[in-house]
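K.L.:
Residue numbers (our numbering), protein chains in the order written: chain A, 1 to 360; chain E, 1 to 360; chain W, 1 to 398; chain H, 1 to 398.
One should not assume that every hint holds.
[What the hints assert, rightly or not] Taking lysine-lysine pairs in the DSS-like style, the calculated list, with each CA pair at most 25 Å apart, reads:
| hint | chain 1 | residue 1 | chain 2 | residue 2 |
| --- | --- | --- | --- | --- |
| 1 | H | K56 | A | K204 |
| 2 | H | K324 | H | K350 |
| 3 | W | K56 | E | K196 |
| 4 | W | K261 | W | K245 |
| 5 | E | K158 | E | K107 |
| 6 | H | K324 | A | K31 |
| 7 | E | K161 | W | K245 |
| 8 | H | K202 | H | K56 |
| 9 | W | K56 | E | K31 |
| 10 | A | K7 | H | K148 |
[As the list claims (entries may be wrong)] Over 10 Å on every C-beta distance to chain A, these chain H residues come out as not near it, computed from the model:
| hint | residue |
| --- | --- |
| 11 | V61 |
| 12 | D152 |
| 13 | Y184 |
| 14 | M237 |
| 15 | H279 |
Since the hints were derived computationally from the structure, they do not count as laboratory data. Ideal Cβ placement from N, Cα and C applies to all residues, glycine included.
For reference, the chains in residue letters:
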Amino acid sequence: MAEDTPKRLTDIGPPHYEKFLPPIIKENYGKWKYHEIPRAGVLVHTSDTGAKLYSVRAGSPRLVSTKKIRMFSELADKYSEGYLRFTSRHNVEFLLTKEENIEPLIKELEAMGHPVGGTGTAITSIVHTQGWVHCHSAATDASGIVKSVMDELIEYFKEMKLPGKIRIALACCLNMCGAVHCSDIAILGIHRRPPKINKENLPKMCEVPNVVASCPTAAIRPTTYEGKQSVEILEENCMFCANCFTVCPALPLADPLNDGVSIWVGGKVSNARHEPMFSKLAIPFIPNNPPRWPEVTSAIRNIVEVWAANARKHERIGEWIERIGWPKFFKLTGIEFRKEHIDDFKHAGLTFKRSVHLTY
Amino acid sequence: MAEDTPKRLTDIGPPHYEKFLPPIIKENYGKWKYHEIPRAGVLVHTSDTGAKLYSVRAGSPRLVSTKKIRMFSELADKYSEGYLRFTSRHNVEFLLTKEENIEPLIKELEAMGHPVGGTGTAITSIVHTQGWVHCHSAATDASGIVKSVMDELIEYFKEMKLPGKIRIALACCLNMCGAVHCSDIAILGIHRRPPKINKENLPKMCEVPNVVASCPTAAIRPTTYEGKQSVEILEENCMFCANCFTVCPALPLADPLNDGVSIWVGGKVSNARHEPMFSKLAIPFIPNNPPRWPEVTSAIRNIVEVWAANARKHERIGEWIERIGWPKFFKLTGIEFRKEHIDDFKHAGLTFKRSVHLTY
Amino acid sequence: MAVDKKYETPLLDQLESGEWPSFVKEIKMAAANNAMSNDLLGLLEQSYREKIGHWKHGGIVGVMGYGGGVIGRYTDLAEKYPDISHFHTMRVNQPAGWFYTSEALRGICDIWERHGSGLTNMHGSTGDIILLGTRTEELEPTFAELTKLGFDLGGSGSDVRTPSCCCGKARCEWACYDTMALTYYITNRYQDELHRPAFPYKMKFKMAGCPNDCVASVARSDISIIGTWRDEIQVDMEQVREYAKNGTDIIHEVVLQCPGKCLDWDGKDLKIDNSSCRHCMHCINVMPKALAPGKDRGAVILIGSKAPIVEGALLSSVIFPFVKIEEPFDDLEFLEVIENMWDLWCEEGKNRERIGEFMQRVGLGNFLEEVGLEPVPEMVAHPRENPYIFYEEYFEEE
Amino acid sequence: MAVDKKYETPLLDQLESGEWPSFVKEIKMAAANNAMSNDLLGLLEQSYREKIGHWKHGGIVGVMGYGGGVIGRYTDLAEKYPDISHFHTMRVNQPAGWFYTSEALRGICDIWERHGSGLTNMHGSTGDIILLGTRTEELEPTFAELTKLGFDLGGSGSDVRTPSCCCGKARCEWACYDTMALTYYITNRYQDELHRPAFPYKMKFKMAGCPNDCVASVARSDISIIGTWRDEIQVDMEQVREYAKNGTDIIHEVVLQCPGKCLDWDGKDLKIDNSSCRHCMHCINVMPKALAPGKDRGAVILIGSKAPIVEGALLSSVIFPFVKIEEPFDDLEFLEVIENMWDLWCEEGKNRERIGEFMQRVGLGNFLEEVGLEPVPEMVAHPRENPYIFYEEYFEEE
Ligand code: SRM
Ligand code: SRM
Ligand code: SRM
Ligand code: SRM
Ligand code: SF4
Ligand code: SF4
Ligand code: SF4
Ligand code: SF4
Ligand code: SF4
Ligand code: SF4
Ligand code: SF4
Ligand code: SF4
């Protein structure tokens with residue numbers, strides 16, 4: 001092979017993480033002894049060796065330009081010997097060895113529009129998805145709601161004044177790429193109308209048996225259209241999940257008038273105290289109202305604040321509701337309980353109240 | 001109508017209970033203030049008026065002859081002005097107004113072979129069913145096992161020395177007339193072989209569509225036999241529930257070699273502390289071994305005693321296991337965990353361990 | 001009349017020893033004078049030897065005009081045990097709370113010694129007096145004598161089953177409503193439904209005076225009526241301190257075991273956050289002299305419990321979170337709703353589908369709509385976890 | 001190269017105000033020099049106006065020899081926004097734990113400014129570096145440059161998805177095994193499965209160092225590996241007292257919140273019944289200076305979590321209650337078992353059936369048998385409640 005046609009590299013896997021670890025981490029890898037959180041957004045990890053690592057966490061919109069990444073890089077060069085990381089919830093963290101760098105770094109970050117916080121009992125970033133920015137399946141936008149909600153809750157990001165951890169997530173359709181099914185508060189994009197059948201394209205684009213099989217409620221039946229295999233939809237059996245659309249582009253559900261979001265509460269992932277829990281339906285439907293979705297932001301503020309005022313220390317939303325009971329949750333938040341709240345899917349019976357453990 | 005053909009009475013309903021209440025109860029109806037249990041088998045209820053009612057509870061086999069009922073009646077005449085009752089668990093209770101009658105009554109009852117006890121944290125009678133005495137569906141006998149188990153546990157009936165309430169029940173087939181599905185310990189008769197098809201009689205005795213519909217696992221398919229509608233059974237789909245037999249006498253499952261009992265634990269009915277719970281499988285199978293089912297009695301004694309030694313005060317079996325975890329239950333009792341314990345029915349997935357809340 | 005025939009029963013004889021009262025002795029007691037019981041003894045010994053039952057499915061037998069109350073039974077060994085070729089059970093509706101006078105009991109014994117096996121169950125697990133075993137031709141005369149004595153038959157088949165209840169106000173300080181009065185009322189209100197099966201399947205009522213549920217109503221009745229209160233637990237603080245002094249470890253036995261986490265004890269005062277009390281009864285159970293249910297009492301109405309066949313066992317679930325149960329019972333609104341449910345179930349229920357299964361099949365939300373009840377959060381343990389919502393409302397282009 | 005075209009974006013502009021960093025500003029920053037980002041801005045404003053997305057299902061696009069790593073995307077308004085007629089995403093496998101040097105980041109920026117939109121997600125919710133939007137013809141050159149820099153693509157489609165993990169031993173005192181090392185190892189062991197989709201559906205791995213599960217592995221990975229310990233919680237009693245002195249209400253904040261009810265505090269000593277500790281982390285979380293996981297550390301292996309489509313959401317469930325995770329990772333037995341599971345799933349799984357759904361469909365008991373695992377009680381929350389047991393053993397007449 002000639003020198004100038006480089007060998008095409010494949011299957012090299014990701015770079016080894018060690019290349020990116022600051023020396024203090026390499027030296028104290030596995031030796032951390034305890035941590036403290038002197039203020040929102042700052043973690044201090046102390047090692048068995050006495051070494052101290054200061055992590056400064058700043059909010060990020062996750063959708064970041066290369067320009068912003070370069071700006072973060074510069075800050076890292078200036079304050080943390082070029083080392084930084086991102087968290088599992090998409091915040092950016094600078095890994096400092098010098099305590100005196102904390103304050104100036106925070107100043108610069110805030111000046112850049114990146115508030116510092118999100119640790120401990122603060123509200124941290126909202127895990128979210130693509131929305132109208134990139135996905136064909138979205139029933140709502142992702143980034144716009146997230147921005148609006150975080151603006152609304154910013155004080156809780158910057159201060160640690162809540163009773164316990166609270167994790168918010170958003171997914172723009174039932175595929176739930178944001179894995180919102182186990183969040184303290186989940187925002188979920190939903191459709192409310194059945195797919196519209198693109199009769200011309202369906203036979204070309206989709207495998208009818210796959211389409212029929214994709215429907216969890218057996219709402220889709222095979223039929224023929226102008227001599228070609230097609231499908232028909234029993235509208236009253238459809239619950240708008242869009243799984244058929246995922247396997248067949250000729251079955252779009254998006255409907256500007258009827259798409260919107262639902263709000264879910266009480267999920268968690270950690271094993272702390274209570275086992276992981278799924279989120280449960282709180283508000284069945286709020287219409288899309290871009291650019292700032294004010295009904296969504298105020299609904300979420302309400303839930304956060306009712307919880308904050310009533311929960312015991314460390315009690316996450318789901319644990320709090322489990323203690324006080326769902327009737328009380330609806331009463332305190334003023335949310336209306338409706339037929340939609342009552343499960344009617346596979347394990348529905350298990351969600352009925354099968355005891356007299358009631359509060360009045 | 002002639003005088004001597006009495007009018008045929010129907011729909012008169014039960015006699016009014018007031019006719020059978022002792023005067024002390026009529027006077028203090030709804031006025032009881034508190035109760036005490038001075039010894040096993042004796043309840044003292046004190047009224048707002050200061051009146052005291054002494055109830056003496058004795059064990060009963062439930063299957064009683066009219067002769068025994070006459071003997072009880074005589075005792076009632078002698079000690080409780082002719083008033084007595086039976087409990088929801090089939091014990092007999094004498095309703096005394098004179099404290100000094102308690103001891104002589106107990107003596108006579110015990111001499112008659114009816115031990116006094118079963119209150120508070122004692123083990124009370126085993127709710128049970130017909131078995132081989134009267135039912136066509138039985139996979140085991142009822143009265144014989146109950147007698148054997150109660151003989152084995154008699155000390156716990158006569159004394160209140162357990163940590164909390166414990167309720168044992170028996171049903172001789174999956175119809176569960178003993179409602180064993182919510183008992184601390186349940187003994188359940190089971191078959192392990194599919195129905196044998198009585199080909200001659202089936203067309204005469206049974207409606208094929210009903211039979212097919214009766215099977216929860218769709219193991220039954222219509223077929224024809226000598227030109228008549230009949231059924232066939234996919235043996236590998238059958239889980240021996242006998243529901244087909246209930247609707248069709250031509251499908252018996254009883255099999256002396258393979259019938260027996262299973263043992264279930266951890267159910268409860270009361271709302272005290274924990275909501276009501278279903279019983280869960282502890283021992284999948286013990287062969288019938290009449291007349292005294294020694295493997296069953298010793299298995300139950302073992303469970304009772306391991307619970308007694310390890311539970312906290314008031315903790316029922318299900319609550320205790322919930323605290324210590326099922327792995328510990330199997331370890332402490334020495335019961336083997338097997339494939340049969342793993343649910344594979346409708347909501348099976350919900351019984352998988354979906355967290356790391358494990359004990360080691 | 002003494003019985004001559006005599007069976008060897010070496011296996012059953014082993015069940016005569018031991019301290020627990022022996023059913024074998026009972027059968028033998030009856031068998032001394034009763035040919036049916038004697039043949040039962042022989043048959044049962046054979047079952048013990050062979051490890052298999054010897055009863056056949058019952059045909060439909062009963063008393064005139066009734067569809068329920070008798071369980072037909074025949075042995076498959078009629079030649080060998082001719083006296084139990086028929087061995088039908090009569091279910092006699094017990095008095096509410098199972099209270100008796102010796103006189104009433106003797107009346108029943110008299111009848112049953114003349115017309116049946118002389119064997120009974122006191123009581124069946126639904127609650128009836130079970131008269132165990134007689135011939136078809138004895139049913140009508142037995143019935144005539146029973147009704148003369150003031151007793152009627154109970155339910156069987158696809159009808160209202162004999163309602164039963166805990167002793168309630170008759171002998172318990174915690175009864176939040178009058179279980180026996182309500183049971184008597186309901187049994188009489190539904191005499192027709194009880195005696196003449198017209199439902200898709202059986203329909204059981206059980207009344208418990210408080211959340212301790214001493215009749216297991218939540219586990220085994222299509223309609224469970226369980227007493228409760230909605231104001232504050234009544235506290236006699238002196239008596240609480242008395243319990244503490246006498247050795248009750250209030251922190252570990254009570255506070256730490258309260259499911260609502262609503263108790264606190266500082267060694268002097270018991271604090272109760274009644275607003276999150278779940279009405280579980282535990283604290284009251286442990287200290288009956290000190291605590292009592294509140295004064296605003298009533299009941300929770302739940303429906304749908306049953307044994308596992310076919311869809312798996314169910315516990316009853318809440319449909320009325322709180323109702324007052326006061327005379328006149330004729331005005332009780334929840335009974336009307338229950339009657340609506342029956343209409344719906346009769347129309348749309350499948351054969352052998354209990355109301356709990358039916359409700360699950362049509363969906364609780366739809367079920368409520370059909371019977372005219374508003375959904376309230378007390379009806380669910382928690383709202384749905386899955387996003388599969390059948391939205392019924394939507395906007396249309398103008 | 002500066003972009004001339006300019007869109008009015010009155011709606012999006014409203015999202016530039018407020019304290020939270022604005023994604024609109026990010027798009028505008030990129031749009032200043034990038035025609036793709038600029039067209040994205042126009043398209044997005046239109047979506048905001050119309051309340052509907054404008055993306056079409058992606059066809060299959062990718063780099064040579066790989067089946068995953070690229071999400072094809074096209075707008076349905078290509079005439080109006082020609083620069084995003086193609087707008088494919090490249091998923092780049094992040095370094096374990098998301099640690100970077102500024103140098104490495106700049107390398108990625110350089111590449112993406114030349115070949116793509118200049119927009120990214122740091123990171124995607126599976127964990128990848130998301131390079132958001134480019135044309136088909138740019139895929140191969142971008143890939144070549146990325147690999148030269150030492151980066152490879154991540155997963156998409158029915159393959160092993162990019163594994164991710166919490167920062168573990170790098171920055172956390174509670175890591176019970178080396179999450180980053182294991183993630184690196186697994187990612188490399190399964191390069192082929194990651195790049196060449198051959199499964200019935202996607203297959204995600206997530207590694208969390210302790211039960212706090214800071215990567216939500218239990219909720220969103222087919223294979224969840226969660227650190228834990230099996231000996232005693234390490235206690236520094238002096239530090240416990242220190243917390244108490246400094247205001248931690250140990251009874252209410254710790255003892256009463258322990259799910260195993262295994263703690264007791266008398267004001268001086270914290271008693272722990274380690275035998276019923278559930279390893280929930282709560283007491284340790286509240287008092288990190290005083291308590292720590294034990295010394296005999298390892299992990300629980302769980303499988304099967306996923307989002308709701310089609311059968312409802314699942315959390316992962318235990319298949320190995322405890323394994324040691326120690327080098328050499330080549331010897332890790334549980335990975336072999338996972339490979340057996342894959343074989344079984346590939347053979348018998350339906351198209352688009354995740355392994356969690358598959359396991360439920362065939363039954364956990366059968367599944368274990370097929371992959372050669374013994375059933376242990378740690379695998380279930382509780383044994384079955386229904387009596388519908390498929391007994392496989394029975395006696396036969398001799
Ligand atoms: C940096 C990060 C891991 C990473 O590798 O990126 C991380 C880091 C820490 N987590 Fe976490 N957690 C991180 C995501 C999570 C997640 C995942 C998620 O939210 O999607 C969870 C599960 C959330 C859930 O249950 O829904 C999580 C549940 C916890 C918990 C359990 C809290 C609880 O009460 O349920 C703790 C313990 C605590 O904080 O007391 C914890 C504790 C910690 C500690 C204190 C661990 C330590 O000693 O270093 C770290 C600082 C926490 C803080 O922010 O106060 N971390 N932590 C993640 C930061 C996300 C962010 O930017 O906000
Ligand atoms: C007589 C009877 C009602 C009747 O009308 O027949 C009755 C009577 C009382 N029950 Fe009961 N219960 C009776 C069956 C039940 C049942 C039903 C059953 O077992 O099938 C239950 C539900 C059992 C379950 O949960 O599985 C029941 C759960 C309770 C409880 C809750 C205990 C718990 O911790 O779960 C109490 C409270 C207590 O004992 O502290 C209670 C308390 C009481 C009290 C103390 C009520 C009172 O103040 O009078 C009575 C004496 C109890 C005793 O035996 O110590 N009773 N009790 C029943 C006696 C049955 C027997 O012969 O043994
Ligand atoms: C006599 C009694 C058992 C006992 O020894 O106490 C009994 C006996 C029978 N029951 Fe039962 N059930 C009896 C209480 C129950 C209970 C408990 C209760 O009512 O509290 C249950 C569980 C609760 C429930 O209703 O679900 C019960 C659930 C069943 C079932 C299953 C029903 C279901 O929906 O799953 C069947 C099967 C059927 O209905 O075909 C059944 C069927 C039967 C039959 C009629 C057998 C049959 O398939 O035809 C039994 C007649 C036995 C015989 O030869 O005498 N029996 N049966 C109980 C009635 C006595 C009484 O009237 O007081
Ligand atoms: C990019 C990303 C969202 C994001 O903004 O972060 C994403 C985007 C898409 N996901 Fe996802 N998923 C992403 C993480 C997830 C997660 C979370 C996770 O991995 O931790 C989940 C939930 C967990 C799970 O796997 O169940 C998730 C569950 C789905 C599903 C539902 C799968 C299911 O079994 O229920 C689908 C539908 C499908 O596979 O056809 C889906 C499908 C899609 C597709 C490919 C749309 C489709 O139907 O073809 C989306 C492409 C959007 C686009 O245009 O770029 N995505 N998806 C995430 C991947 C980034 C990365 O590689 O780092
Ligand atoms: S949640 Fe739905 S709409 Fe949003 S990125 Fe995932 S697949 Fe697309
Ligand atoms: S949207 Fe869901 S429920 Fe409706 S037809 Fe499509 S797959 Fe079926
Ligand atoms: S449990 Fe079964 S065998 Fe026993 S009495 Fe009831 S129906 Fe008959
Ligand atoms: S016993 Fe049960 S599972 Fe077996 S064939 Fe009969 S109805 Fe079906
Ligand atoms: S249910 Fe309640 S009211 Fe009725 S007897 Fe039991 S404890 Fe008393
Ligand atoms: S009744 Fe139960 S829930 Fe209410 S305070 Fe007492 S123990 Fe707590
Ligand atoms: S999962 Fe545990 S080990 Fe990993 S970062 Fe979170 S707290 Fe630390
Ligand atoms: S780790 Fe959790 S379960 Fe274990 S002692 Fe601490 S709080 Fe209790």
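K.L.:
For a quick check of understanding: which of the numbered hints are violated here, in increasing order?
P.N.:
The structure conflicts with hints 2, 9, 12, 13 and 15, although it agrees with all the remaining ones.
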